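**Student:** Sequence:
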Amino acid sequence: MPLLLGTGEDIHASQDLKNTAKQLGLIKSDNDCYSVVVSKFKAFGGESCTGVHHIDFVNSIFGKYTDCESFFVNGRIVTLVTSKPEEMSSKLRLPVIELVQSAQKLFNQKCTIGISQTVDNPSLLSVACTQAITARRYTSDGAGDIRFINDQERKSAYELENIEKSVYKLEQLLKVGSKNEIRQFLENMLSEKSRTGIDYLIIQILATAHRCVSVLSDSDALSELFSSNNFFTSRLSLDFNEQYKKELISLCLDARDIIYRSQRHESENICDRALQIIDDEYMNEDLSLTDASDKLGVSPNYLSALIKKTKAQNFVTLVTERRMKAASDLLLCTSMKIFEISEKCGYSDQHYFSYCFKKYYGMSPNKYREEHLGGGNV
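According to the numbering used here, the residues represented by the sequence shown are 7 to 384, in order.
None of these hints come from the bench; they were simulated from the model.
There's no promise every hint is true.
[What the hints assert, rightly or not] DMTMM-like cross-link-like pairs, simulated, lysine to aspartate or glutamate; straight-line CA separation at most 20 Å:
{"id": "1", "residue 1": "K314", "residue 2": "D278"}
{"id": "2", "residue 1": "K350", "residue 2": "E327"}
{"id": "3", "residue 1": "K70", "residue 2": "E53"}
{"id": "4", "residue 1": "K70", "residue 2": "E104"}
{"id": "5", "residue 1": "K317", "residue 2": "E287"}
{"id": "6", "residue 1": "K315", "residue 2": "D278"}
{"id": "7", "residue 1": "K301", "residue 2": "D285"}
{"id": "8", "residue 1": "K111", "residue 2": "E53"}
{"id": "9", "residue 1": "K317", "residue 2": "E272"}
[Unchecked claim] Beta-carbon label-pair distances, calculated as ranges:
{"id": "10", "residue 1": "V58", "residue 2": "Q190", "range": "45 to 51 Å"}
{"id": "11", "residue 1": "E93", "residue 2": "S197", "range": "34 to 40 Å"}
{"id": "12", "residue 1": "E377", "residue 2": "K111", "range": "41 to 47 Å"}
{"id": "13", "residue 1": "P91", "residue 2": "H357", "range": "39 to 45 Å"}
{"id": "14", "residue 1": "L100", "residue 2": "D205", "range": "38 to 44 Å"}
The structure displayed is predicted, hence computed values, not measured ones.
The beta carbon of each residue, even a glycine, is placed where N, CA and C say it ideally should be.
All chains should be modelled from the sequences, with the hints used to inform the complete structure.
**Tutor:** This is how it looks when you write it as structure tokens:
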């Protein structure tokens, strides 16, 4: 539990943690990996109703597909899932769908779910837990009840997350370490980061120093700390005023606008690429939502939700529309036989093709050709 919540000190060697996980039956081998799933349940009136009783419910569903263990933490069900790396994606796909559907059917409750990245080290479970919590919060946009963090924050990297873990170590050194230990630790940290990472690291170092001094020293200590470092005095306001407050608020609002535009652009881009896949591969009978999502690097659930939100249709309907348009063109512009057209449009069964065509156009392929061509073939 401390590993999941990040409340314990990171003092255990990775192999020791893996050995303990094997002893507890959480993993079967050193090659197993981990994902964290966070679930919340609400009555359809909107009030939260997540409780300890949901643990068995969640375990009963996930347990059919993979090894798991669930906990009730701060109004959420936190589930640790273990699997072989190559199987994790497929083993998560079905239980999260079943969990949402079963919650509605059995309890008349709305279940929202967030799923972390897959990690191969128990020491990263606190990062994974935070990712899952964040992913679930994205469900508030109404575009789907299941969210993978990789779908929402596809550019995220462990560098920024590892900075937070490193800063925790810095906090311990500031409290009990020697000057040489602190200097060496920071030299190593600062020399390894990219430009993006160094900016974030500087902010975190300042926040850590501020926090430690304010907690452990008297009220004049912060002024002493930053007045003795002129470089930072010009960038920090020890004399906070209304203008400073407005600038901070403006900065955060600008950040929200940038994030919103980026998310919208990314969503539209994914949908456009999905439509291109349909346009390029509609003749492939095996084309599916899962195939398209794999090519796009997102989860099927997320792609389905994006398409419904952006196009107001589902993936299957879009594929069928493209196939029917191709069938119409071939019927009216070629003399191909019906069975040849069905194969060109992704149907190996001519009878099923005719059924789908009649359902879409209201008449059989032959009738459609006769009506539009006056009974003659091209």
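**Student:** Does each hint hold? Answer for all of them.
**Tutor:** Evaluated hints:
1. K314 to D278: holds (13 Å)
2. K350 to E327: holds (14 Å)
3. K70 to E53: Violated, at roughly 29 Å.
4. K70 to E104: Roughly 11 Å between the alpha carbons, so the hint for K70 and E104 holds.
5. K317 to E287: holds (19 Å)
6. K315 to D278: Cα-Cα ~13 Å, so holds.
7. K301 to D285: holds (14 Å)
8. K111 to E53: Cα-Cα ~18 Å, so holds.
9. K317 to E272: Given pair K317, E272 holds - Cα atoms ~15 Å apart, limit 20 Å.
10. V58 to Q190: 45 to 51 Å: holds (46 Å)
11. E93 to S197: 34 to 40 Å: holds (38 Å)
12. E377 to K111: 41 to 47 Å: Between E377 and K111, where Cβ atoms are some 45 Å apart, the hint holds.
13. P91 to H357: 39 to 45 Å: With Cβ atoms ~43 Å apart, the hint holds.
14. L100 to D205: 38 to 44 Å: With a Cβ separation near 41 Å, L100 and D205 satisfy 38 to 44 Å, so the hint holds.
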